[in-house]
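Make the full structure from the sequences, and use the hints.
Chain by chain, the residues:
Protein chains: 2
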Amino acid sequence: MKFELTKKYLEDLEAQIERKEEASIQEFFNQLHSADIADILENLDESEAKFVYELLDEEKAAVALMELDDDFRQGFLKLFSAQEIAEQVDQLDTDDGADLLGQLEDSDKQEVISQMEDQEHASEIIDLLRYDEDSAGGLMQTEYIIAREKWNVKRCVIEMRKQAEEVEKVYSIYVVDDEDRLMGILSLRRLLFAEPNALINEIYSSENIHYVRTNESKETVAEIMEKYDLVTIPVVDMQQKLVGRITIDDVVDVIREEAERDFQMASGISENVESSSSILKNTRSRLPWILIGLAGGIMSSQIIKGYESTLSFIPSLAFFIPLIASTAGNIGVQSSAIVVQGLASNDFQMKGIMTRVGKESLIGMIVGAICALVIFGFSYFFGGDDKLAITLATSLFVVVLFSAVLGTLIPLVLDRLKIDPALATGPFITTANDIIGLSIYFLVAYLVYF
Amino acid sequence: MKFELTKKYLEDLEAQIERKEEASIQEFFNQLHSADIADILENLDESEAKFVYELLDEEKAAVALMELDDDFRQGFLKLFSAQEIAEQVDQLDTDDGADLLGQLEDSDKQEVISQMEDQEHASEIIDLLRYDEDSAGGLMQTEYIIAREKWNVKRCVIEMRKQAEEVEKVYSIYVVDDEDRLMGILSLRRLLFAEPNALINEIYSSENIHYVRTNESKETVAEIMEKYDLVTIPVVDMQQKLVGRITIDDVVDVIREEAERDFQMASGISENVESSSSILKNTRSRLPWILIGLAGGIMSSQIIKGYESTLSFIPSLAFFIPLIASTAGNIGVQSSAIVVQGLASNDFQMKGIMTRVGKESLIGMIVGAICALVIFGFSYFFGGDDKLAITLATSLFVVVLFSAVLGTLIPLVLDRLKIDPALATGPFITTANDIIGLSIYFLVAYLVYF
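Those protein sequences? They're chains A and B, same order as listed. Using this note's numbering, the first residue of the first sequence is number 133, and each one after it goes up by one. Using this note's numbering, the first residue of the second sequence is number 133, and each one after it goes up by one.
Hints may be right or wrong, so weigh each one.
Identical copies go unnamed one by one, so any copy, or any two together, can satisfy a pair.
Stated by the list, open to error - Computed list of lysine to aspartate or glutamate pairs in EDC-like fashion (alpha-carbon distance at most 16 Å, straight line): (1) Lys286 to Glu327; (2) Lys282 to Asp310; (3) Lys359 to Glu199; (4) Lys282 to Glu334; (5) Lys192 to Glu159.
Keep in mind the hints are simulated off the structure, nothing from the lab.
Have a look at this one:
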């Protein structure tokens, strides 16, 4: 069923909850997709959400829980007993179960695991909890379908039926040897078209198979799945044994998060916040860069103070301080953004730092020359002061060139040092370029006038 | 086969090309995945790339062509005759074929189409070219598998075999009625487990089916597939007739592009550039915002000029111009980034503008108060001037509050006006806040001192 969340619907629902109309709420919600249910729950009070939640079918409820926003879920789970959480985990796929348990305090985790009904499922989840959540192991689920090389198609279908009960989405079958080592992949389509007596050995493909190891980073997993257009990827351990699979929907989340993180870094936000996050978290995530910027501003003030006598001699220099600083910042942000993006999409693998900086210098010179021309024209015709016009044009040209090179160089160097290059975008580069830009400006002024 | 591109490998390959060792190049390349081939080609000269390209298997060559970077492909295609391009399009899926043709001049397009061997394939591609490339129609392919409600499983498998030849990736089957209207979806897994005589009617699911219309925007398609974790989605026309399907790999590209575009906008880049783009394109994409920033800087200079007498009376006011301007910019960028991200992920559907602005004002007050305290401390203890300390602290508090509110309000208002809110991030908000911040600063100074 298609569902669109409206303010009107929410008001009606709140009235229904008020009147405790359990039957009609239940009937309506159990037709909805879990993702839509999650959207609705997030817009209710926690106690209202709990009321609705308890009316849901078991499996739908568990899946909806995982569709909730992290922050909301964290608060919502506090309303549940360990026993209730255990019931949810019993319904979830192993990867989701591990994610949910990962959100709990250690003592609660123990308690929930001990209350789970399906102890085999529980031990699989405990296995997954060992992996770093940012690795392939942390992303994978242990629900997948295997076939052995020596089976025939008929046997494979029978075995699949047994396994398929716990695997929600089947796109391909992993073929393993007797030691459970991954040998290749068999597509469902191939299986469907094969003769019942054909051996798996004869129909699966073992060439050009993509897989990852448990310790691979989630960014690399995303890169591989994106590059080779994969819908699932098998995960193997150090001995090449198949231990899990990762599905594209989880990888889409990784891609989204990565892009959001870069965007937030470039905007000077240091912690993953959403507009719905608390005021405290919001403030905390923003304060570090603002204070660094403030420190930069204080440094700038000291540089200008150093040129106090120049400034008192030519007061109109002060008018153009924001122009120089903001142009330096804008250029630096552009350059670093292009580099960070290039690094993220592996554009540079073959190109050296110097080639890149050389190209950027050329762009900087062109843009700098245009800016210089514009500002020379303005200050000459409207101000009528040649020296000021020369100072502005010269320093703007140098500042633009310098900012472009610096904006390119810093992220490239950080990347070489294995530090996230996105750190060098946004406020960092703006602050650094403000300081350098002003130093150049006053130095040029000094040279021109004295 | 796993392949990693290295500088060493490229040098060896270039030597092989030089020596025209066709057989060994051919053998090596035809084991590679098309995505890897594309990576290699992009690192060769166009003529070297053409030499290698002509040695590839037909299908691999066509797919590799589509894996190339847009800019590189545009140039590379110029080396091909219409006849040669037509041969590539014959090999491609309809969606890729349409994308390739879409990159050509209109006259070349005609020429290529007339040279295509498979005229049915050609007419399907021509149909696709009618759709806006940013709509579901522009994203879809006409390769998909259908089943009719009244077939039984045996017949369905036979018919599928006929259809499956041209459909590379099969995950599910679309069930249609006699008028080709979409009725529901049948998963391959369900089909595999069904009795041969069971009717399709009895086993397919028609509830909670997600589909889109041809005119749906690609962003909405991505949102739906991401929200409901879909691997493919059927596309229907106005009469509910099935006309195509969209696969997740194309949607992953949409998600990636969207994120990159927001990041570039926030960094003041107005056109989609990559680090490998030409110097001209690079300059063109960067100049508009730099010039707008420059205009902002000129406006700031006029504002400061307006307070010339104040400035000559208290010269140290000039020292803190960059501090005020950069803090205003930094705060504005943070606020607008959070709003733009919230809008992109539909976080606000239920919340009014005023709630959002109210919350942001509170955050602005907290951050503003902290900044005011820091700068008051600095200027009081190091400068020893009470009036300056009061001016700085008061104006910084007001500027932060104002910038936070403006940074929130502008993108929200743009969004209401159906203008891309990302326009209001980065240089725009920095420039606007510079001007407003300085006006506040000098006004406060005037009030404090006179």
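Results of checking the hints against the structure:
1. Lys286 to Glu327: Both ways: Lys286 and Glu327 sit 8 Å apart in one copy and 13 Å across, limit 16 Å.
2. Lys282 to Asp310: Within one copy only: 10 Å inside a chain, 43 Å across chains, cut-off 16 Å.
3. Lys359 to Glu199: between (27 Å within a copy, 9 Å between copies)
4. Lys282 to Glu334: Result: close within a single copy only, 9 Å intra versus 34 Å inter.
5. Lys192 to Glu159: Classified as within; 13 Å inside a copy, 52 Å across copies.
In the structure shown, no violation is registered for any of the earlier numbered hints.
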